[in-house]
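Trainee: Go ahead and model the full structure; you've got the sequences and the hints to work with.
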Amino acid sequence: MAYWLMKSEPDTFGIDHLKKRGTEPWSGVRNYQARNFMRDKMKEGDLAFMYHSSCENPGIYGLMRIATKSYPDPTQFERKSPYYDAGSKREEPRWWLVDVKYQRHLKTPILLTALREHQEKLRGLRLLMRGDRLSVSPVSAEHWNYILSLE
DNA sequence: GCCAACGTTGGC
DNA sequence: GCCAACGTTGGC
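If you read the first sequence in numbering that gives the first Met the number 0, its first letter stands for residue 0, the second for the next number, and so on.
The set of hints was computed from the structure by calculation and includes no laboratory data. All figures in this text were calculated on a predicted structure; none of them were measured in a lab. Be aware that a few hints might be false.
Quick list of the computed label-pair ranges, beta carbon to beta carbon [unchecked claim]:
#1 Thr-112 <-> Tyr-83: 32 to 38 Å
#2 Gln-118 <-> Asn-56: 15 to 21 Å
#3 Gln-102 <-> Glu-77: 26 to 32 Å
#4 Leu-46 <-> Tyr-70: 32 to 38 Å
#5 Pro-81 <-> Tyr-31: 14 to 20 Å
As a list, the in silico DSBU-like pairs of lysine-lysine whose alpha-carbon atoms are at most 30 Å apart [stated by the list, open to error]:
#6 Lys-79 <-> Lys-120
#7 Lys-106 <-> Lys-42
#8 Lys-68 <-> Lys-106
All C-beta atoms in this analysis are idealised placements derived from N, C-alpha and C, irrespective of residue type, glycine included.
Mentor: Here it is as structure tokens:
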């Protein structure tokens with residue numbers, strides 16, 4: 000089983016929204032590297048941190064389970080969607096996603112500032128690497144367990 | 001294939 | 001709102 004970190008803006012869709020919805024397609028990823036992780040590497044049953052970005056206290060707020068295999072992101076074909084991509088063909092979809100299922104809120108959020116205090120133990124965690132803005136990134140089992148131990 | 005211009009992300 | 005860092009686009 001693999002572990003992941005997925006970023007979302009809580010004003011748009013955060014862990015509270017996911018709790019209400021139960022399961023939700025992770026739509027709107029329009030970065031090739033992030034897409035490749037979802038399309039090629041994610042497996043049903045994998046676990047992911049939900050990370051809140053672009054907000055007052057960026058950090059990890061909850062846990063999710065990958066609920067499906069990857070499939071084409073339907074929003075790329077919806078003309079009125081902000082994620083519409085005129086260049087993507089149905090026979091050869093450009094953007095892929097998975098469904099995520101709510102697991103739980105963290106007892107207390109693990110903020111970015113707290114993660115930074117553990118740079119040594121978290122060496123290689125993409126979230127902490129300079130300039131890395133990937134919205135979907137892998138987390139090693141060691142990093143996953145260490146981060147959860149900070150809860 | 002180079003690279004300047006532009007757009008986006010995301011912390012602060 | 002600013003801006004650093006990175007990705008994408010498109011002219012040449």
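Trainee: Of the numbered hints stated earlier in the document, which are not met by this structure?
Mentor: 4, 6
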